[in-house]
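**Q** Each chain is listed here by its residues.
Number of protein chains: 2
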Amino acid sequence: MDDAGQIQTPRAVAAKSLRTPTTVSPQLQRSISTMAAQAAAGGGGLPLGWRPGSADEWTALIAQVDAQALALVPALAAMFPHRVELMQVAGVTVRQIVPASLDPAKAGRVLLNFHGGGYVLNGGEASTGEAVLGAHYSRMTVVSVDYRMPPEHPFPAAVDDAVAVWRALAAERPAGAIGVFGTSAGGGLTLALALKLKELGLELPGALATGTPWTDLTGASDSYQVNAGVDGVFSSFDGMAGGMAALYAGDAGVTHPLVSPIYGDFAGFPPTIFTTGTRDLLLSDTVRAYRAMRAAGVTARLEVHEAMSHAEYIYAFDSPESAVVFRDIAAFFDEHLKG
Amino acid sequence: MDDAGQIQTPRAVAAKSLRTPTTVSPQLQRSISTMAAQAAAGGGGLPLGWRPGSADEWTALIAQVDAQALALVPALAAMFPHRVELMQVAGVTVRQIVPASLDPAKAGRVLLNFHGGGYVLNGGEASTGEAVLGAHYSRMTVVSVDYRMPPEHPFPAAVDDAVAVWRALAAERPAGAIGVFGTSAGGGLTLALALKLKELGLELPGALATGTPWTDLTGASDSYQVNAGVDGVFSSFDGMAGGMAALYAGDAGVTHPLVSPIYGDFAGFPPTIFTTGTRDLLLSDTVRAYRAMRAAGVTARLEVHEAMSHAEYIYAFDSPESAVVFRDIAAFFDEHLKG
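Order-wise, the sequence lines are chains S and E.
Quick note: the first sequence uses the working numbering, first residue 14, plus one each step.
Quick note: the second sequence uses the working numbering, first residue 14, plus one each step.
Mixed in with the good hints there might be a few duds.
For chains that are exact copies, the list does not tell them apart, and a pair is met inside one copy or across any two.
As the list claims (entries may be wrong) - Once the Cα atoms are required to be at most 25 Å apart in a straight line, the calculated SDA-like pairs of lysine to any residue come out as:
1. Lys-29 <-> Trp-63
2. Lys-29 <-> Thr-47
3. Lys-351 <-> Ala-190
4. Lys-351 <-> Val-102
5. Lys-211 <-> Val-311
6. Lys-351 <-> Arg-314
7. Lys-29 <-> Gly-55
8. Lys-29 <-> Gln-51
9. Lys-119 <-> Val-267
No wet-lab data here; the hints were simulated from the structure.
Bound conformation, chain S alone (with noise of 0.2 Å):
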């Protein structure tokens, strides 16, 4: 028992060796059996028993994890045909991704996205892969912001990045005709900002889409223990995703509200539609900010894809499960946005 008496004994699990499920589709029992054939193999996902010690080491390591992002590039360009227009909003480098699908009737709506990657990793032409696929099941155009990121920029670039090319593009439509959705640290980025404009009193979003968020960035949620090893995407809080924490929240701390949105304030928030998978290292992060949404009193949807990573969608891009996940989310912007 700790000070206050309470019971703190912790509970073990035994080591386990877990098959590739037969409960998904063909496409994501390839994409689970082949991160657990790179995990076996000593590779795979990010390199999470270390982390750089230097912005240098920082550097050279982005440098090599966007090369990967990148090799994805092509193929989700063949699959979902789309132009890309690189440009500078506010002074902000965004790509705005057009969809060959674009409805033609949603010509009032766009949708803004935030890249994932820790806040670290993932910029530049690294950045468009969640918003292609958001694109196209959408058939909207989607603004992907290249926001700066560590080392050179920590907490707040990130955020008033966001901010700048919202301003930008609620200057143009009404505000609830616009959408904002991320994955990972995307989805921090999608929650910290509506954070932000409630802060200086600014419109809100007509919806939001936040997909296995990242919310809170002390690693106090429960499924960093139990999905600790079991997620193939992300397989660890310790290691590097602690340092990203450190390195992006900088002197405002990893629980500043904008920062950790979990430690912010929800009410008012628009509609949002939240995703995850049963071994989301993120699931805690995603199901304690829909619950605390919830509670807030704000119209939210929880969906859960069984024995799905986190993010696993974005790179799983061939599997039914992903079309359901961008399906979902572009029903929900086609019920909550207005104009």
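We have chain S already, so just place chain E on it with the hints.
**A** Only chain E this time, still in chain S's reference frame:
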């Protein structure tokens, strides 16, 4: 690779020691820690490593486990005042729970509850725990069905009893004024009842609430692997749970859609709310049924709770998380029941 060329590498997960999470209420922390302490002492939960080898051994085990469930009854009654009316409906033993909180404005509505316990346990006086909680929070009368169970009465006795009580209730009020709910096997039976009513061409309930439902008795769900040893209430499918599945299914087999509703067709189902937790051994049974229902075009909600084990919202009935579970269910019935 297997014959189809599929990579089938299992994923190795190291042994771990799970801390009691700080991300849940003190009451739920106490529940989690207490179960961990019991497990560390070699007790607690079901005797999972072993399964009875004869009908007499089953009967002895059932008496032992039911006595544990009965021990909760006085504390539940003190916290959630109600009266119990024991009666026969269509030849089936039921206990009608009338809560002190009864709302006369909802007198035209009634809820039907099926207790959990793997279709084997928690019969008789031990069957009313969830019914009491449901009655209190919904402020409606709950008819708790003491359906027949193995070893004497395998499938389809439970489904037959459910249909018999349903017919009696639906003869006295519109079908849409009746809500059906249940947890674990009771959640599975809730879905099986609706499948059977479809088959019979009868009207369906106004809404369903299925908590951590046992939807796949084959044990295929991924969370049987991932949350094995993690769930404090129901820590493994192997051993007794698999034994209960075989004992219940009997000659029909575990893939019969009225035994394992995941193999049924949910098209045309009434609005359904699903409840589970991130440590739930049946997280995947729940998520898969929710996804199948969404794919069939049914109005459905999924509620997941941080660090909660299988059906823990019944046992940790003093926790705020348990109140949220039953308030969400009550609100769902308020929204969707007619009359």
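**Q** A separate judgement is required for each hint: does it hold in the structure or not?
**A** Hint by hint, here is what the structure shows:
| no. | hint | result |
| --- | --- | --- |
| 1 | Lys-29 <-> Trp-63 | both (24 Å within a copy, 20 Å between copies) |
| 2 | Lys-29 <-> Thr-47 | both (18 Å within a copy, 24 Å between copies) |
| 3 | Lys-351 <-> Ala-190 | within (5 Å within a copy, 35 Å between copies) |
| 4 | Lys-351 <-> Val-102 | within (23 Å within a copy, 52 Å between copies) |
| 5 | Lys-211 <-> Val-311 | within (14 Å within a copy, 35 Å between copies) |
| 6 | Lys-351 <-> Arg-314 | both (19 Å within a copy, 24 Å between copies) |
| 7 | Lys-29 <-> Gly-55 | both (17 Å within a copy, 20 Å between copies) |
| 8 | Lys-29 <-> Gln-51 | both (17 Å within a copy, 22 Å between copies) |
| 9 | Lys-119 <-> Val-267 | neither (38 Å within a copy, 48 Å between copies) |
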